[in-house]
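Listed below, chain by chain, are the residues.
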Amino acid sequence: MPETLVAAAALAKSFRNGIAALSSVDLAVSRGEFVGVLGPSGCGKSTLLRILAGLTEPTAGRLERSGDLADNIGFVFQEPTLMPWATVWDNVYLPLRLRGAGRAAAAPRIGAMLESLGLGEFAFAYPRQLSGGMRMRVSIARALVTEPALLLLDEPFAALDEITRFKLNEELRALWQMHRCTIVFVTHSVFESVFLTNRIVVMTKRPGRIVADLPVNLPEARNASLRLTPLYVEVCRAVSAKLAEAMA
Amino acid sequence: MNGNRLARILGPIIVGLLVIAAWHGIVWWFAIPPYVLPKPGVIAQTLWTDGPSLMASLLVTLRITVAALAVAVLLGGTLAVLFSLSKTIEVSFFPYAVILQVTPVVSIAPLIIIWANDVFLSLLICATIVAFFPILANTTLGLNSADRNLVDLFRLYGAGRLQTLRLLRLPSALPLFLAGLRISGGLALIGAVVAEFVAGTGGAETGLASRILEAGYRLEIARMFAALFLLSLTGIAIFAVLSWLSRRLLRHWHESALEPSD
Chain A
1 MPETLVAAAA LAKSFRNGIA ALSSVDLAVS RGEFVGVLGP SGCGKSTLLR
51 ILAGLTEPTA GRLERSGDLA DNIGFVFQEP TLMPWATVWD NVYLPLRLRG
101 AGRAAAAPRI GAMLESLGLG EFAFAYPRQL SGGMRMRVSI ARALVTEPAL
151 LLLDEPFAAL DEITRFKLNE ELRALWQMHR CTIVFVTHSV FESVFLTNRI
201 VVMTKRPGRI VADLPVNLPE ARNASLRLTP LYVEVCRAVS AKLAEAMA
Chain B
249 MNGNRLARIL GPIIVGLLVI AAWHGIVWWF AIPPYVLPKP GVIAQTLWTD
299 GPSLMASLLV TLRITVAALA VAVLLGGTLA VLFSLSKTIE VSFFPYAVIL
349 QVTPVVSIAP LIIIWANDVF LSLLICATIV AFFPILANTT LGLNSADRNL
399 VDLFRLYGAG RLQTLRLLRL PSALPLFLAG LRISGGLALI GAVVAEFVAG
449 TGGAETGLAS RILEAGYRLE IARMFAALFL LSLTGIAIFA VLSWLSRRLL
499 RHWHESALEP SD
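Protein chains in written order, with our numbering: chain A, 1 to 248; chain B, 249 to 510.
By construction, these hints were calculated from the structure, which means they are not laboratory data.
Where a beta carbon is used, it is the ideal one built from N, C-alpha and C, also for glycine.
A few of these clues could be false.
Claimed, not checked - From the structure, some residues in chain A lie toward chain B, with a derived Cβ separation under 10 Å:
| hint | residue |
| --- | --- |
| 1 | S24 |
| 2 | L27 |
| 3 | R31 |
| 4 | F75 |
| 5 | L98 |
| 6 | A123 |
| 7 | S131 |
| 8 | G133 |
| 9 | A159 |
To be verified - One side only, chain A facing chain B, incomplete, derived with CB under 7 Å:
| hint | residue |
| --- | --- |
| 10 | L55 |
| 11 | G67 |
| 12 | D71 |
| 13 | F77 |
| 14 | T81 |
| 15 | W85 |
| 16 | W89 |
| 17 | A125 |
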């Protein structure tokens, strides 16, 4: 049994305006897992992710995080959230810079990260010169550059067109296979969660609660052709059924 | 596009020439005496003959303006940074900054002149009071409007307050600071002139305001207009320089400074 990286027990969160975002969430994520959190819009998925990251405190419940996690989390937001005044290179350098790494020392790592995301020739471009998909790639490169123990993604591809989205799904899956970091990926897309992850937890409408925890039994290596296989469609159907139950 | 550009240059010039021609015509037609309204040609001539001595006065006014703008940037900027670091400081001090802003400078100028007991210093203080509020207000707003997700990201990576200030809040505030600076540039000039009107200095170093007053007393209306003309020219130049600076600093990333894409 692999070691548990982060565990939430009976987690609840209400905001100051009285809205309850999460009611009672139990979720344990093991090292090396790729977990999808699936649920309707506004079900508290993002809130759960922010609690896992330590950006928001839960109102009730317990959160246990492995010791090496404290300052080693990557986060990708719904928007690319880049600094518009900084080049691609400087945006990816930011997490290393905040940890005190010099430019020269960080350069090889940043160069390799940009290459692996197909951003090599855009190192000195500014975010406004890039397409939405490229900006999201920069955002992912920035999150991965610290080699995080845990990578949290909050519907990162929701605003992209489907062609770009499929492509980035394939790339993210490949990156996970290469780096083997632990990923929690929040989405409201059944197809996306099935394609990407090894395990899907389904949440109810607000206040969110986890009602299903499903393994995704698909081959490890995945590419575009997987989307056409009956096996993929079958898993999507099963997950959709669970989601429908959760929404009822 | 090309015709548009031509219109942008030619349009104002034609309007200006028409106004000058109408002015000349009206003065000539109604035989208005030069001590009420001189002809444009007379003003141009005065500008030529009195130019050197007016320029010396302009330099005095300009020195106060630039010094006041520099102090306003330093004071307004520092205060804005302090505000952004502590909400308590902001809510405690901001009302007084507003009071300073809404008090007409002419009404406190006499007090300042008495207290400062030095002409340059008192004019500098008056002009600074007028100029510093837009910088303070805009920079404070800019520092507080950094992208919330980026603020979270900085927190996630354990950035300190000063790191967040330097790498995130200050760059975020730059466009608004520069907008404030452009307003303050004009206000510093106005403040310097208004304060000098109140102070009504004599002595060796007189600014343009004193020259306007003095010309008014002597009914040398042409010289008054010449000095006014120099003042507007200075105001326009300050605005142009600060606009250029703003475009230059923001050209890579801010919408306001981008070239049209087609």
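Status of each hint after checking the structure:
no. : hint : verdict
1   : S24  : violated (25 Å)
2   : L27  : violated (20 Å)
3   : R31  : violated (20 Å)
4   : F75  : holds (6 Å)
5   : L98  : holds (4 Å)
6   : A123 : violated (14 Å)
7   : S131 : violated (14 Å)
8   : G133 : violated (19 Å)
9   : A159 : violated (14 Å)
10  : L55  : holds (5 Å)
11  : G67  : violated (15 Å)
12  : D71  : holds (5 Å)
13  : F77  : holds (5 Å)
14  : T81  : holds (4 Å)
15  : W85  : holds (5 Å)
16  : W89  : violated (13 Å)
17  : A125 : violated (10 Å)
The structure shown violates the earlier hints numbered 1, 2, 3, 6, 7, 8, 9, 11, 16, 17.
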